[in-house]
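With chain G fixed as given, assemble chain L onto it according to the hints.
One letter stands for each residue in the lines below.
Number of protein chains: 2
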Amino acid sequence: MSWEDYVKKVIPYVAGEQPKDHNVIKLNTNECPYPPSPRVGAALGAFDATTLRKYPDPNVSELVSVIARRHGLSDKQVFVGVGSDDVLSMAFMTFFQSTTPILFPDITYSFYDVWADLYQIPYERQPLNDLFQIKKEDYLKENGGIVIANPNAPTGISADRILLEEIIKANSNSVVIIDEAYIDFGGESCVPLIEKYENLLVVQTFSKSRAMAGMRIGYAMGSEKLIRYLMDVKFSFNSYTMSAIAIAAGVASVEDETYFQETTAKIVATREHTKTQFSRLGFRFPDTKTNFIFATHQYVPAQELFEALRAHAIYVRYWNKPRIENYLRISIGTDVEMGIVIEFLENYLKNREKKGH
Amino acid sequence: MSWEDYVKKVIPYVAGEQPKDHNVIKLNTNECPYPPSPRVGAALGAFDATTLRKYPDPNVSELVSVIARRHGLSDKQVFVGVGSDDVLSMAFMTFFQSTTPILFPDITYSFYDVWADLYQIPYERQPLNDLFQIKKEDYLKENGGIVIANPNAPTGISADRILLEEIIKANSNSVVIIDEAYIDFGGESCVPLIEKYENLLVVQTFSKSRAMAGMRIGYAMGSEKLIRYLMDVKFSFNSYTMSAIAIAAGVASVEDETYFQETTAKIVATREHTKTQFSRLGFRFPDTKTNFIFATHQYVPAQELFEALRAHAIYVRYWNKPRIENYLRISIGTDVEMGIVIEFLENYLKNREKKGH
Numbered sequence: 243m244s245w246e247d248y249v250k251k252v253i254p255y256v257a258g259e260q261p262k263d264h265n266v267i268k269l270n271t272n273e274c275p276y277p278p279s280p281r282v283g284a285a286l287g288a289f290d291a292t293t294l295r296k297y298p299d300p301n302v303s304e305l306v307s308v309i310a311r312r313h314g315l316s317d318k319q320v321f322v323g324v325g326s327d328d329v330l331s332m333a334f335m336t337f338f339q340s341t342t343p344i345l346f347p348d349i350t351y352s353f354y355d356v357w358a359d360l361y362q363i364p365y366e367r368q369p370l371n372d373l374f375q376i377k378k379e380d381y382l383k384e385n386g387g388i389v390i391a392n393p394n395a396p397t398g399i400s401a402d403r404i405l406l407e408e409i410i411k412a413n414s415n416s417v418v419i420i421d422e423a424y425i426d427f428g429g430e431s432c433v434p435l436i437e438k439y440e441n442l443l444v445v446q447t448f449s450k451s452r453a454m455a456g457m458r459i460g461y462a463m464g465s466e467k468l469i470r471y472l473m474d475v476k477f478s479f480n481s482y483t484m485s486a487i488a489i490a491a492g493v494a495s496v497e498d499e500t501y502f503q504e505t506t507a508k509i510v511a512t513r514e515h516t517k518t519q520f521s522r523l524g525f526r527f528p529d530t531k532t533n534f535i536f537a538t539h540q541y542v543p544a545q546e547l548f549e550a551l552r553a554h555a556i557y558v559r560y561w562n563k564p565r566i567e568n569y570l571r572i573s574i575g576t577d578v579e580m581g582i583v584i585e586f587l588e589n590y591l592k593n594r595e596k597k598g599h
Numbered sequence: 243m244s245w246e247d248y249v250k251k252v253i254p255y256v257a258g259e260q261p262k263d264h265n266v267i268k269l270n271t272n273e274c275p276y277p278p279s280p281r282v283g284a285a286l287g288a289f290d291a292t293t294l295r296k297y298p299d300p301n302v303s304e305l306v307s308v309i310a311r312r313h314g315l316s317d318k319q320v321f322v323g324v325g326s327d328d329v330l331s332m333a334f335m336t337f338f339q340s341t342t343p344i345l346f347p348d349i350t351y352s353f354y355d356v357w358a359d360l361y362q363i364p365y366e367r368q369p370l371n372d373l374f375q376i377k378k379e380d381y382l383k384e385n386g387g388i389v390i391a392n393p394n395a396p397t398g399i400s401a402d403r404i405l406l407e408e409i410i411k412a413n414s415n416s417v418v419i420i421d422e423a424y425i426d427f428g429g430e431s432c433v434p435l436i437e438k439y440e441n442l443l444v445v446q447t448f449s450k451s452r453a454m455a456g457m458r459i460g461y462a463m464g465s466e467k468l469i470r471y472l473m474d475v476k477f478s479f480n481s482y483t484m485s486a487i488a489i490a491a492g493v494a495s496v497e498d499e500t501y502f503q504e505t506t507a508k509i510v511a512t513r514e515h516t517k518t519q520f521s522r523l524g525f526r527f528p529d530t531k532t533n534f535i536f537a538t539h540q541y542v543p544a545q546e547l548f549e550a551l552r553a554h555a556i557y558v559r560y561w562n563k564p565r566i567e568n569y570l571r572i573s574i575g576t577d578v579e580m581g582i583v584i585e586f587l588e589n590y591l592k593n594r595e596k597k598g599h
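Residue numbers (the working numbering), protein chains in the order written: chain G, 243 to 599; chain L, 243 to 599.
Just chain G, same shape as in the assembly:
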């Protein structure tokens, strides 16, 4: 016998690479190509480091308040955590205590089954259709909870709010989580449904559209009851999760709505242009409402393209998994970066043809 017998054995998740080489065009983790609002930098510069000796506000009141105001909610309808992973994980723990399986798509954010396993929550994956779309009827059966990423990752597809509302409405006996990590790039948010459905929790993040992945801020919005339960669970085992600086930087970001609108609009414009070019080059992809494109080439295998791009210091994401093994997930960078990617792909495909492939 050994202490190792009592150790939790897991298979760690492999995240997208974070290369130290600054020449890499990094389109593998859906980061924002633009910096956060200049007000974030100003807030950091103005932050009084001597106050760090005190514990941070466990209620994160200031940040909760600006988020609530921006979304037309009350402070009691917002919960803030250390990135949306922290918030989602906490929500799984809090709301999915049923013995009936929770439901989520077979192709979606890869942490849902991880957290379900972690908290011993039974789950059933619902296969997307051949166009990678949600089938409504899959979510109308008995369940212990539902989680849907909208827009979905890694497909980029956005579901209609009408369809999601039908699912939320039909499931008043379980909590429905809509993970809106990418909503700011063109999807239809479910936030307006919060007033109507007590069982709806909408989760968003500062890591994509707010360009603050390095800061770790995510949040959930829902009925006062849902938020109270989340807060209670958080306070039951860890009161202080949000650093004082994350709070200050988060507030500064939310207060700069103009910058936020400008950057997301720029990314959307680059994405639309990239879509046109990708089509021209023979790629096929679901219509994306996110800051990435989930693309497959008509005749060139995804893995080959992945490796060719990588050799050229362009990092994209590739999963060798059933149903998606011929797809690449390519984050939207700046116009310049996407120009380089398109030029490289164009040349690569031409040369490949010449060689008689």
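It is worth saying that the hints were derived from the structure and are not from the lab.
Take the hints with a grain of salt, since some may be wrong.
[To be verified] Short derived list, chain L residues pointing at chain G, Cβ under 10 Å: (1) Gln339; (2) Glu504; (3) Leu523; (4) Gly524.
[What the hints assert, rightly or not] A few chain G residues that don't get close to chain L, going by computed Cβ distances all over 10 Å: (5) Cys274; (6) Ile487; (7) Glu497; (8) Arg526.
All of these numbers come straight from a predicted model, not from anything done at the bench.
Ideal Cβ placement from N, Cα and C applies to all residues, glycine included.
Structure of chain L alone, referenced to chain G:
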């Protein structure tokens, strides 16, 4: 039936108050009365906010490295998390998967049973003796793991390293966690034992001696094997917990060893002076090696003193719990703050006597 049937119902922990009033003398959460090293402020000022768009280094390499160097360990022997609560909680989840109960004292940090409950870990509280000391034999029986705060909270008592080594040595079949949140104020650290015992995990924090409670940084040190298991569990469900700024600020703190030694020495000096004064005023307390005193008065009830201090804008900690309901936990503030506390107590006790109590 309702979605509320599937909700995790908990009793949230009530942390020490964080008053907004700056005139309060706040001795209720064991915060450092001095600011963090000026280098921390400089690091924040120098931090390039534009880099926040990227995810932080999931391995926290830079901070791991300076911590390892300071303690004479290798980088593979250090794990960093969002405060020692996060680190301890992760360690419970990782190492305490036995069906045999884990062991910890009956009077100790109040989150141990909370995390055990959270992860469904069976536990058995071991009663401290009447002097609030650990009885070695309590930890020599079969167990699924051991966690001991040293110095202990809220008593402030430090156990001899020889006694702890006997416990660690006798339990090579389970993981022994020594929680050294307060070690820098005079206790004997178990870090030197790490090279000898593969089953020893030592946890420390930036929240007390490094005056960075607002930043949320804690860390664990142990054998490469233990640290690898912790990393795997972390990476299995949340890769990015440490913000880029926490990493930068943490590095700056560790690099200023002189300032660290100076501030902890000042706090120790104030504590020793406070002990003398408290004795003179009729208080009794275990010998403390921390930045707080756990005191009971010879004839005045703790609750009465707690309320009198509070009415005078001096916040200390009081728990209405068996065995400790006549004690106050008073953090060590600056010399000026402790002077005010002693003066107030002196007058209060005199007036009380005059009134013929």
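To see whether the hints hold, each was checked on the structure:
no.	hint	verdict
1	Gln339	holds, 5 Å
2	Glu504	violated, 15 Å
3	Leu523	violated, 27 Å
4	Gly524	violated, 31 Å
5	Cys274	violated, 5 Å
6	Ile487	violated, 5 Å
7	Glu497	holds, 15 Å
8	Arg526	holds, 29 Å
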